[in-house]
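Visitor: Given next are the chains, with one letter for each unit.
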Amino acid sequence: MSVTVDVAVVGAGPAGLAAAVAAAEAGARVAVVDAGNQPGGQFWRHAPETVRPEPDGHGHHGWSTYLDLRARFDAAQRAGRITYLPGLQVWMAEPGFTLHTTAAVAPAGAVPVAVTADRLVLCPGGYDRQLPVPGWDLPGVMAAGGIQAFIKANGALPGKRFIIAGTGPFLLPVAAGIAEAGGEVLAVLESSSPSAWLPHLRAASGVPGKALEGAEYAAVFARHRIPYRTRSIVTEVLGSGRAEGVRTARVDADGRARPGTGRVYADVDVVGFGWGFTPQLELPVSLGVDTRLDADGSLVGVVDERQQSSVPGVYLAGEVTGVGGAALAVLEGLAAGAAAARPDSGVPVKQPAAIVRHRRFAQAMHQAHPVPAAWQDWLTPDTTVCRCEEVTAGDITEAREELGARDVRSLKSFTRAGMGWCQGRVCGFAAACLGAGPGEAPDAGSLAASAKRPLAAPVGIGELAALD
Amino acid sequence: MNFGNGPRGSDVLVIGAGVVGAATAYFAAQQGLSVTVLDKGLPASGTSSACEGNILVSDKELGPELELTRYSLDVWHNDLAEHKKLWEFESKGGIIVASRESSLASLNRVMAVQKGFGVDVEELDQAALREAEPHISREALGGASYREDCQVQPMLVAAHLVRLATEAGARFIAGTPVTGFMRDGAGRDGGRVTGVRTPRGDFPAGAVVNCTGTWAGELAAMAGVEVPVLPRRGFVMVTEPLPPMVHHKVYAAEYIDNVGSSDAGLQASPVVEGTPSGTILIGSTRERVGFDRTVSTAALGLLARNATALFPFLERVKAIRHYHGFRPYCPDHLPVIGHDDRAPGLWHAAGHEGAGIGLSAGTGKLLAQALAGLTPDMDLTPFAPARFGEASPQTASREEATA
Ligand SMILES: Cc1cc2nc3c(=O)[nH]c(=O)nc-3n(C[C@H](O)[C@H](O)[C@H](O)COP(=O)(O)OP(=O)(O)OC[C@H]3O[C@@H](n4cnc5c(N)ncnc54)[C@H](O)[C@@H]3O)c2cc1C
Ligand SMILES: Cc1cc2nc3c(=O)[nH]c(=O)nc-3n(C[C@H](O)[C@H](O)[C@H](O)COP(=O)(O)OP(=O)(O)OC[C@H]3O[C@@H](n4cnc5c(N)ncnc54)[C@H](O)[C@@H]3O)c2cc1C
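Going down the list, the protein sequences come from chains Z and C. Residue 168 in our numbering sits at position 168 of the first sequence, and the numbers go up by one each step. Positions in the second sequence are counted from 1; adding 1000 to them yields our numbering.
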């Protein structure tokens, strides 16, 4: 099956929904391809509407924004302006543009559709950034966002007693969500320190909504007596066969464990780690868009004030332009959708002030919550870095020191790190750091090699055989 | 021989740290020569990192290439025996499968010829084929088993040979593109090549070896000689990890026809093989489109159709990745190996097309013997650079590339 439209949107999270609505309302014929079975993306993920037709938005922020966008989305769909294609993953975007798709859930999933469009708005979001630590490959260790997604999608918890660790404000909603769903959070361990915020307060105060959110979380933490420990990390996940506890330590400003501060939490079911997010760049990169390093060390797509990338006709919105939260994703989506609908309006657009404010806020957040410079010190040579291919930190150090592998590309060749099922989505950032060497952060070139995945999603060989 | 003049100088300067340059540096160092290796990137950043690691006897015709292949196999098995583990050397064996009466007939003809010149090949009837590869298509009529076919991990070969060469005294400098040649000014063409020029300064050398794969023509042109090495694109597809389903390297009989062909159009014949990590590699297309890096859905479709024809179970398996590389080939499908009499001091080892991994070991050893002033174990005349004559380098290669 195939569909031809003016504007094709990839993703139906905050950015994609907003882009689709803006483009349709500006008069374009729009198709929306999303791997999810219903709109919402990561942020507004909710129980299947087939089961709960009227979700009340419990545990969600910005739910009224969602309801508004959703109503406009549904209306545009009814009016035939939006073709909504859920349950499909884009595995390749061809220049020109054609999106090739495959069922997100095989084998009985949606029927693949090829979407041809004059312009693309890519809003594929991101995923949790992970850093390895001894024991992180035990069952029971999850990405913090994975825990949240589990709760949002199932309305149930993946365990009873939780440790949440990493850095960034995102640890708060995860812990709050667990507590509200009836789980026990033994501690939230934040590697950074609240005083790190002080220099950035001005930027933060530009986005009052965030302060409000923060206050809500503080109330939840107080109500459930969740300990929030700053300058603290998990140094090891303990357990035989599965996670049963964690060893923790206090750290200095670089993230180096301070001697004598070790402590053990026992009887833990689930350990959730979150070190910020990695934008999902394979589609933009495969189309050749220019990228840059963002303040959080992630590779992101470069856009102009109309959200257009360096490739004419390819617009980007949401996490792929820089991790900045759902509110910013919506603003960018609206701008991108409107611009993609009327690419030739030619009028130079002044970037909405709200986007600028939110970007400044995101920047401040990244600077206050860096990946600790000394994180590589936490590893032992036998710590697994690439779980798919069972590559250890020692293997990577050896490849760097003996074979001169300094970037992700040669590390992959020499050690197979990032060659497995997940194609380096989990270990890519960590491997790039290890390739750069102790205390070093990877450069854009190395991260670009890691983001390069010519198949943006696995695709059946039977389906490929039908291509001509 | 000692040309090492000054701190930067050496007897031999190797340009390019792909498998061919790495092997040349390694064997030259073994000969006791002082060696410098320069690459514009890291080791194995060219075609050697975008290929498969097959060392094949089964696809060679009678002639100098087969001779070089067998010599090379001997080097892999003997000279390099102690290092086999470093590059995951595996004597896995290849099987060629025929699914049509006509291809079975030509396979039988090829086998008879190959047996005649000593290739270890055994005929497989339908039952024997099933036993060797239980998941092969029901359509398969029969095949041929080549026990000598083996494989290595090419990136590890290049990286470790460079490392071993440096342990034997060679020097490797990454991130150093060669931009020109030093000449001694004598003679009508600027004289003898006496070293190379780079952004990091000049590197004098007694002999300069051009091991730059698909870039070899460009480098030769800098020295004013023609070496028509052209790119032939190939896509390879990789599946999700599976329990062992494919036990040998399995090719379709038409593979042999494609390898020697000069046709510019898209061709593919399946080479399906399992890897130690459980993924299955499906190779590879051949097409002449210059250095075009755009992903071709036509190529992916063709690979998928051919692979599922051999192994129908693949239809339900997912591909997780694909990659492509550019085989360095010469119009006569023979590599260029040896001293370039047109530019004294300049040597070449390039243009090994779809067999450079397998041929690298032998190429390096033979060239090192010649560089050390010895008579090589095998006559290099069929590979001589001067066979391309004095024609102006640029024009000829452009025409070929767009053919
Ligand atoms: C697990 C997780 C939990 C989060 N929880 C919070 C939170 O509690 N609070 C907070 O402030 N922020 C949270 N964030 C961050 C927040 O989700 C983002 O800021 C926001 O969702 C960004 O919106 P987006 O539209 O860019 O991406 P997303 O919401 O991630 O939407 C992207 C959509 O694109 C789809 N997609 C991606 N690739 C393809 C493809 N190739 N083909 C088809 N579809 C594709 C995805 O399935 C998804 O539906 C979370 C992020 C993650 C990853
Ligand atoms: C899809 C595919 C599958 C293949 N499968 C096989 C197989 O199974 N078996 C087999 O034997 N062969 C196979 N081949 C062929 C094989 O990969 C090549 O023949 C071989 O890699 C060539 O090696 P090389 O060292 O000559 O070139 P390269 O590996 O390309 O090395 C050339 C080096 O020169 C460097 N360089 C270039 N210009 C300069 C400069 N100006 N200054 C400094 N350095 C420079 C480059 O950076 C590069 O590192 C395959 C090829 C492809 C594309």
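Source of the hints: derived by calculation from the structure; they are not laboratory data. All values derive from a computational prediction rather than experimental measurement. We put the CB at the ideal spot given by N, CA and C, even for glycine. Heads up, some of the hints might be wrong.
[Stated by the list, open to error] Simulated restraints on C-beta separations: (1) Z:Ala441 with C:Arg1130: 47 to 57 Å; (2) Z:Pro53 with C:Arg1316: 30 to 40 Å; (3) C:Arg1316 with Z:Ala181: 52 to 62 Å.
[As the list claims (entries may be wrong)] Here are some of the chain Z residues that sit facing chain C, going by a computed Cβ distance under 8 Å: (4) Arg78; (5) Ser413; (6) Leu455.
[As the list claims (entries may be wrong)] Here chain Z is said to cover these stretches of chain C; the calculated rule only asks that three of the stretch's residues, wherever they fall, bring their Cβ under 8 Å from a Cβ of chain Z: (7) 1040-1047; (8) 1102-1108; (9) 1120-1126.
Visitor: Each hint should be assessed against the structure and marked as holding or not.
Guide: Here is what the structure says about each hint:
no.	hint	verdict
1	Z:Ala441 with C:Arg1130: 47 to 57 Å	54 Å, holds
2	Z:Pro53 with C:Arg1316: 30 to 40 Å	35 Å, holds
3	C:Arg1316 with Z:Ala181: 52 to 62 Å	38 Å, violated
4	Arg78	34 Å, violated
5	Ser413	4 Å, holds
6	Leu455	6 Å, holds
7	1040-1047	holds (count 4)
8	1102-1108	violated (count 0)
9	1120-1126	violated (count 0)
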